[in-house]
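Undergrad: These are the residues of each chain, in order.
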Amino acid sequence: MKTIIIDDEEMARAIVGKLSSNNKNINLKESFSNAIEAIKYLNQNNVDLIFLDIHMPGFTGFDLLQTLKNPPKVILTTSDKNFAIEAFEYDCIVDYLVKPVTQERFNKAVQKATLFSQTNKVESKPKDSEVINELYVNIDRRLVKINFATINLIEAKGDYILIKTDSKNYTVHSTMKKIEEKLPDDLFLKVHRSFIINTTKIIDIEDNSVLIGNNVIPVSRSNRPELMKRLNLL
Amino acid sequence: MNEKPNLNYLNEISGGDVAFERKLLEIVKKELPNEINSYKKFLNENNFKQAAELVHKIKHKISILGLEKSYQVAIDYEEDLKQDNLNLKLEFDEILNSMISFIKTV
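So the protein lines, in turn, are chains V and C.
Quick note on our numbering: the first sequence kicks off at 1049 and runs consecutively.
Quick note on our numbering: the second sequence kicks off at 50 and runs consecutively.
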């Protein structure tokens, strides 16, 4: 789940960040020390889950929730037990973590969030034809369909991106950030600022590179832990 | 106050990540003295609402340093301060002193 943390306390952000790094369901994107910066981010990026502090100066966690039209799932993180009743008024809030948070309790909350989203998917189950398995890209004024499963990797090329599939390469005028948001999290991973890979297509991994087809892709140090977390290591 | 500050909670969540433990302790060392100063300043000014805000900030650090009973004292004291009640002040000040002594040793 694409996740952000919103908490005015540096220590609290560090702790939730640490607990997130130990949970394979969390793909931590950003941390914010105030709600305003987070709202700007949420207006431009899709997020599945927010760890949200309630007690923040000026603009509280509840204030933030009221500004969002379609809030993602939210796990409240707070030192105050007194807000639990108010929390029940928000459908998006799936759990309520009282600081100090342990890994065990954190994992339980994440599991709830995962189950919550699966339940909601069943309730509003799309028809098979509505399940998105592909991406349409604009090439020479034609919208060309590319199935996610056929994509090996995406490479940044200045103002363009190069989408390499099993059979063909497509050069598209777009950015890595835009395409990253369109790709399913469970298949794709950004391993370097210029490369997103389909993790099911990995042949092997060396220290700082990964082999996909006959392409050797660099893996940046900061992205390596997330890559290793995805692997079913023996 | 019988309990002593400790690193049990930090050890538990760090999973042996020493750099992470160090980072959190550095944050405590950097922020706690300033927060205590602000707390005292607001008390001197009889601005108990703002003093309660500082207690709120400090109480998370109390829990990080494994002081479970003291954490409950801080919760109660924060609420009391909002009602201009300083009954728990001495007990809370004792907690602060033990934390300050402790962070000098780690």
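Since the hints were derived computationally from the structure, they do not count as laboratory data.
Keep in mind that a hint or two might mislead.
[Stated by the list, open to error] Calculated lysine-lysine pairs in the DSS-like style (CA-CA distance at most 30 angstroms, straight line): (1) C:K78 with C:K118; (2) V:K1277 with V:K1129; (3) V:K1212 with V:K1147; (4) V:K1193 with V:K1238; (5) C:K153 with V:K1066; (6) V:K1117 with V:K1072; (7) V:K1277 with C:K153; (8) C:K138 with V:K1156; (9) V:K1193 with V:K1160; (10) C:K138 with V:K1066; (11) V:K1225 with V:K1277; (12) V:K1129 with C:K53; (13) C:K72 with V:K1088; (14) C:K79 with V:K1066; (15) V:K1050 with C:K131; (16) V:K1216 with V:K1156; (17) V:K1225 with V:K1212; (18) C:K138 with V:K1147.
Undergrad: Next, verify each hint and record whether it holds.
TA: Hints, verified against the model:
no., hint, verdict
1, C:K78 with C:K118, "holds, 21 angstroms"
2, V:K1277 with V:K1129, "violated, 33 angstroms"
3, V:K1212 with V:K1147, "violated, 46 angstroms"
4, V:K1193 with V:K1238, "holds, 22 angstroms"
5, C:K153 with V:K1066, "holds, 25 angstroms"
6, V:K1117 with V:K1072, "holds, 28 angstroms"
7, V:K1277 with C:K153, "violated, 37 angstroms"
8, C:K138 with V:K1156, "violated, 36 angstroms"
9, V:K1193 with V:K1160, "violated, 35 angstroms"
10, C:K138 with V:K1066, "violated, 34 angstroms"
11, V:K1225 with V:K1277, "holds, 22 angstroms"
12, V:K1129 with C:K53, "holds, 24 angstroms"
13, C:K72 with V:K1088, "holds, 28 angstroms"
14, C:K79 with V:K1066, "holds, 20 angstroms"
15, V:K1050 with C:K131, "violated, 38 angstroms"
16, V:K1216 with V:K1156, "violated, 43 angstroms"
17, V:K1225 with V:K1212, "holds, 17 angstroms"
18, C:K138 with V:K1147, "holds, 23 angstroms"
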